[in-house]
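As given, the protein sequences belong to chains A and B, one line each in that order.
For what it's worth, our numbering labels the leading residue of the first sequence as 1, then goes sequentially.
For what it's worth, our numbering labels the leading residue of the second sequence as 1001, then goes sequentially.
These aren't lab readings, by the way, just hints derived from the structure by calculation.
Check each hint, because a few of them may be wrong.
If the Cβ cut is set under 10 Å, some of the chain A residues that face chain B in the computed set are [said to hold, decoys possible]: (1) Phe30; (2) Arg85; (3) Leu89; (4) Met92; (5) Phe99; (6) Leu126; (7) Met151; (8) Thr185; (9) Phe189; (10) Leu190; (11) Leu265; (12) Leu270; (13) Ala273.
Here are the in silico distance ranges between beta carbons for each label pair [claimed, not checked]: (14) Gly216/A / Leu1172/B: 48 to 56 Å; (15) Gly1027/B / Trp276/A: 52 to 60 Å; (16) Ala1290/B / Val139/A: 30 to 38 Å; (17) Ile65/A / Leu1172/B: 58 to 66 Å; (18) Phe4/A / Arg1131/B: 48 to 56 Å; (19) Arg1106/B / Gly176/A: 41 to 49 Å; (20) Val139/A / Ala1193/B: 53 to 61 Å; (21) Leu1172/B / Ala212/A: 23 to 31 Å; (22) Ala1193/B / Ile210/A: 44 to 52 Å; (23) Arg1106/B / Ala255/A: 31 to 39 Å; (24) Ala154/A / Arg1106/B: 37 to 45 Å; (25) Ala255/A / Tyr1271/B: 36 to 44 Å.
Source: prediction; values computed, not measured.
All residues carry an ideal CB built from backbone N, CA and C; glycine is no exception.
Now for the letters of each chain:
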Amino acid sequence: MTAFWTLQVLNALQHAALLFLIAAGLSVSFGLMGFVNLAHGALYMLGAFIGISVAAQTGFWVALIAAPLAVSAIGALLYLCLLGRVARLGPMPQVLVSFGLVFIATELVRIVWGDIPLVLDPSAALAGRVDLAGATYPVYRLFVICIGAAMAAALWLGVNRTNLGAALRASVENPGMARAIGIRTERMFLLVFTLGAGLAGLGGVVAAPITAANPGMAVSALIPALIVTVIGGMGNIAGAALGALIVAGIEVFGAVLFPAASAVLIYAALAVALIWRPEGLLVAKGAR
Amino acid sequence: MFRLDAMRIVLLVLLLAGMQVFAMLGGFFGQEIVAEIAILAILAISLDLAAGFGGMVSLGHGAIMGVGAYAYALAGQHGLTPWPAALTAIAASGVTGGLIGAVSARMQGIFFIMATLAFGQMIWAFTFSARWLGGDNGMGGIARASLPFSDLSQPMAFANYALCLLLAVFLLAAATLSTPFGRSYQAVHDNAARAAAIGLAPRRIRITGFAISSAIAGVAGILAAQHMQFISPAMMFWTTSGEVLVVLILGGIGTLTGPIVGAAIFVTLKYWAAGWTDHWHLVIGALLIAVILAGGRGITGEAERRLRHAFR
């Protein structure tokens, strides 16, 4: 019995790691620019597909590096050409333009890679299973948990323990004042957007061996990521991590304990979070 | 503030007459397309009432429409004849919207969108897993309405019936916006603080407005159920609501005629493009971005602005 629950905890952690990678960029660009980027799920999808194509040529480890870099570049390009301009127009135009991008990205992926789900084979070093507290668990999924944890730790350190992070937090809390003391918030926006796109791309390539890459990913990944962002609060890394753990926990344990109601639970949690604490569970002090 | 001016009346008459001619000349296929346009247009008008005139952008309108469709089917199963069943369904949608509005009305912007998404998805997930509602198989064998002078099982008669309902919903929405309530509703959208200062109750007005919009979404649901004579939870999924939002933005938000233009273009493009490509969403996505970058007024809004300039 303990083996069963160990498995479920590991499943929840692995799910949370993926959710965190998608939601981190969404959350920070939300907090920093007030920008609701619905195309974030599309960047995640591109990460998975680019990763699969690169891995077919050069192997898994190159893909693991190249796909996030490629998606970062796409993100930066999108920001410079389109989204940066739209960011100034207000929430509705942002939502709609990024929704338009979801349509376009989904169709482009269908044209280039087709409609059939594609699976990525991870490196042989990550194949197989290990024994953990009585349960056997795939090594690859442990690897995903480690990547999620490492990224969360690195981001937290970067945001909370570096000068650049301090400037970033200042821009979230009070953009006008940050500009007044010489922080170039425009450049900060671009940096955050590029980084967030890269993380989503990493999430995509890491998820590809677990959930087959398909053109529906852009939409299906978006909603859980938005829920994580709203539950965790915008613009902070710890909140995104906490939100990812809560959402993953509800999804995994909900499916085990209340199979009949599992689909409703996550949306109920979102509704409760919005009513009880619309600014998010953890939120930068100034925003509350 | 909404005005049913000459320009809008002319556009409405042209649209309805155009669809009527299209249904008459287009054969069975044309008549089915006109019915589909009318359903989508009614749903888009209902969303225009909430989003365009009340500032409440909803991603739950598909689910609210679905509540109407399912209530209509259930009432029919329990022996109600189509017209009383339709009234029950409209009430069910209105009450659902009122409840969602009551919880969400104090939220603004993206939080309101997320709240309606949450409630809409809850309704979808519940229906999807409820065996007594047919689960993901949906429900079939739904009766069309009966009229003394026309047989609605004929596609042409049904297309005409759908167009009449569209006209009725349009006039009802326009009339609602012209009542004292409608004026206060738009005032709350324009500036809630000032509206409160002159003695209006913004929260209650927003909730009522959302409930009225939801009741109209219920009409779209009933018409959709009667059209296909089959319903499934797919219509409740949030992407349906997202699609209607796209239709509304393309056509022109806050105009009431825009939703009809948007629905006509959307459905026509879908069937026209289906003949030679599978990727027509590419065009929709590009159109959506172009409309927003051009100022977000949509096709109708842009045309109205140009015409006003030309006649000045």
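Going down the list of hints, with the structure as the test:
At about 8 Å, the closest approach between the beta carbon of Phe30/A and any beta carbon in chain B falls short of 10 Å, and the interface hint on this residue holds. Here the hint on Arg85/A is kept, as its CB sits about 8 Å from the closest CB of chain B, short of 10 Å. Contact between Leu89/A and chain B, as hinted, is supported at the beta carbon level, the nearest pair being about 8 Å apart and thus within 10 Å. The interface hint given for Met92/A is met, as the beta carbon of that residue sits about 7 Å from the closest beta carbon of chain B, less than 10 Å.
Taken as an interface hint, Phe99/A checks out: its beta carbon lies about 7 Å from the nearest beta carbon of chain B, inside 10 Å. The interface hint given for Leu126/A is violated, since its Cβ lies 34 Å from the closest Cβ of chain B, which is over the 10 Å cut-off. With its C-beta approaching chain B no nearer than about 25 Å, Met151/A sits outside the 10 Å limit, and its interface hint is violated. About 20 Å separates the beta-carbon of Thr185/A from the nearest beta-carbon of chain B, more than 10 Å, and the hint is not met.
Violation of the interface hint for Phe189/A is found here, the shortest Cβ-Cβ separation to chain B being roughly 18 Å, above the 10 Å cut-off. The criterion of a C-beta within 10 Å of any C-beta in chain B is not met by Leu190/A, whose closest approach is roughly 20 Å, and the hint is violated. Hint status for Leu265/A relative to chain B: holds, with the closest Cβ pair at about 9 Å, below 10 Å. Hint on Leu270/A holds. Least Cβ distance to chain B is approximately 4 Å, under the 10 Å limit.
A hinted interface residue such as Ala273/A counts as satisfied when its beta carbon comes closer than 10 Å to some beta carbon of chain B; here the least separation is about 9 Å, so the hint holds. Remark: the range hint 48 to 56 Å for Gly216/A to Leu1172/B is contradicted by a beta-carbon distance near 37 Å. Separated by about 56 Å at the C-beta atoms, Gly1027/B and Trp276/A satisfy the suggested range of 52 to 60 Å. Hint check: Ala1290/B to Val139/A, Cβ distance near 48 Å, so the stated range 30 to 38 Å is violated.
For Ile65/A paired with Leu1172/B, a C-beta distance near 59 Å keeps the hint of 58 to 66 Å intact. Between Phe4/A and Arg1131/B the CB atoms are about 27 Å apart, so this pair departs from the stated range of 48 to 56 Å. The beta-carbon spacing between Arg1106/B and Gly176/A, approximately 27 Å, falls outside the hinted interval of 41 to 49 Å. One distance hint, 53 to 61 Å for the beta-carbon pair Val139/A and Ala1193/B, holds here, with the actual separation near 59 Å.
Take Leu1172/B and Ala212/A: their Cβ atoms lie about 48 Å apart, and the range 23 to 31 Å is violated. Under the hint 44 to 52 Å, the C-beta atoms of Ala1193/B and Ile210/A, about 50 Å apart, fit the expected range. Arg1106/B and Ala255/A have their C-beta atoms about 33 Å apart, which keeps the hinted 31 to 39 Å range intact. In this structure, Ala154/A and Arg1106/B meet the distance hint of 37 to 45 Å, their C-beta atoms being roughly 38 Å apart.
Taking the beta carbon of each, Ala255/A and Tyr1271/B are about 39 Å apart, inside 36 to 44 Å as hinted.
Hints 6, 7, 8, 9, 10, 14, 16, 18, 19 and 21 from the list above are not met by this structure, while the remaining hints are.
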